[in-house]
Amino acid sequence: EASRLARDLYLTGNPTATTQDVMVSLHGRSGNAYPCIRKGGCPSWFPGKAYVLPFSEGLLQATDGKRLATAAGLSYAVRGVTIIHGESDHYGYATLYPMAGADGTPGKIKNYADAMIELQSDYETAIRGVTGQTVPVPLYMAQMHSWVGDASVSFSAVTRDQYLAHKRAPGKVILVAPTYPLVFGDALHFSNVSNRRLGEYFAKAYAKVTLTGQPWEPLRPSTVTRAGNVITVKFLVPAPPIVLDTTRVSNPGNYGFEYTDGSGAPPAITAVAVTAPDTVQITLAAAPTGANRVVRYAFTRVGGSTAPGPTTGVRGNLRDSDATPSNYGNELQNWCVTFEEPVP
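Residue numbers (the working numbering): 1 to 344.
If a hint is listed, it holds; no wrong ones were tucked in.
Here are the simulated distance ranges between beta carbons:
| no. | residue 1 | residue 2 | range |
| --- | --- | --- | --- |
| 1 | Ala100 | Ala71 | 36 to 42 Å |
| 2 | Thr270 | Ala291 | 19 to 25 Å |
| 3 | Pro240 | Leu68 | 40 to 46 Å |
| 4 | Gly171 | Gly132 | 20 to 26 Å |
| 5 | Met23 | Asp103 | 25 to 31 Å |
| 6 | Thr105 | Ala69 | 33 to 39 Å |
| 7 | Gly104 | Asp322 | 40 to 46 Å |
| 8 | Val183 | Val274 | 21 to 27 Å |
| 9 | Leu188 | Gly40 | 22 to 28 Å |
| 10 | Asp186 | Pro277 | 36 to 42 Å |
| 11 | Pro325 | Gly104 | 43 to 49 Å |
| 12 | Asp322 | Leu68 | 31 to 37 Å |
| 13 | Met23 | Ala291 | 49 to 55 Å |
None of these hints come from the bench; they were simulated from the model. Every residue, glycine too, gets a C-beta built ideally from N, C-alpha and C.
Let's have the full structure, built from the sequences with the hints guiding it.
The structure is reproduced here in structure tokens:
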């Protein structure tokens with residue numbers, strides 16, 4: 001679905017002779033934590049079996065793609081790798097990180113953000129060796145929100161790190177969209193309709209980066225400032241204006257925004273308001289005095305719910321006004337990603 005919508009978006013408004021061929025291959029695995037999907041993988045995952053490891057299979061697919069394109073007289077380049085991942089790393093975070101790098105450097109991968117940055121770099125290097133291409137190979141990533149099925153924690157380091165990876169590796173690790181607005185079939189898996197909708201979100205990002213040459217930014221903060229008891233957050237907005245929408249996603253309280261600090265008694269939020277097409281103002285009960293001040297969004301578990309999704313899971317109400325057409329009647333507004341940012 002992602003490749004089809006990306007192609008349709010590209011062809012819209014272009015001459016009728018314009019064409020774009022897209023080849024898609026899959027080498028996903030179920031339940032594999034990062035050490036098993038990265039370069040070198042984890043052969044011990046299936047002892048005694050001669051299974052091809054995920055990363056190696058991806059390179060075999062690139063090799064086959066190159067061969068088929070050459071035989072057809074076409075040029076060939078891999079223009080991206082997509083990943084929907086993080087649940088197993090969430091549950092095993094404390095034992096997985098830090099870990100050695102895929103190159104053997106001790107302690108190189110300190111967190112999940114490091115992991116995604118390493119994965120993108122290793123794919124790009126290996127794929128270029130196969131295809132001879134010079135164009136980059138970005139890693140397109142969905143933000144994981146099914147962690148609420150783990151009743152033992154109030155937030156997920158993986159979800160936070162996915163946002164940080166996007167910020168630390170601009171244009172290389174690309175955060176496509178959060179998944180809290182999607183409907184889940186259980187505490188872990190999307191419904192069939194939501195799987196298709198998520199594919200279309202990937203398509204929007206892919207089309208903008210690959211087919212128009214522009215960077216993809218999800219709805220996320222650009223700056224955070226404070227004047228007394230008022231915190232002002234300006235956002236990068238794909239399609240202004242921003243909206244606080246409590247119809248499509250129910251309000252978890254303060255539209256998903258949180259403020260906390262190291263004082264032990266941070267001032268409460270008394271109001272959240274959109275004050276410009278790209279700006280949200282958060283009013284606190286008093287000017288904060290504690291250290292380590294942060295503003296968060298869609299970050300902390302709501303009550304005791306262990307069911308992800310737009311009415312029960314960790315979530316927020318901030319979206320943009322994107323009217324990108326869907327092939328299947330889905331709404332494709334961009335919802336704000338989960339974030340944690342310092343407050344001055």
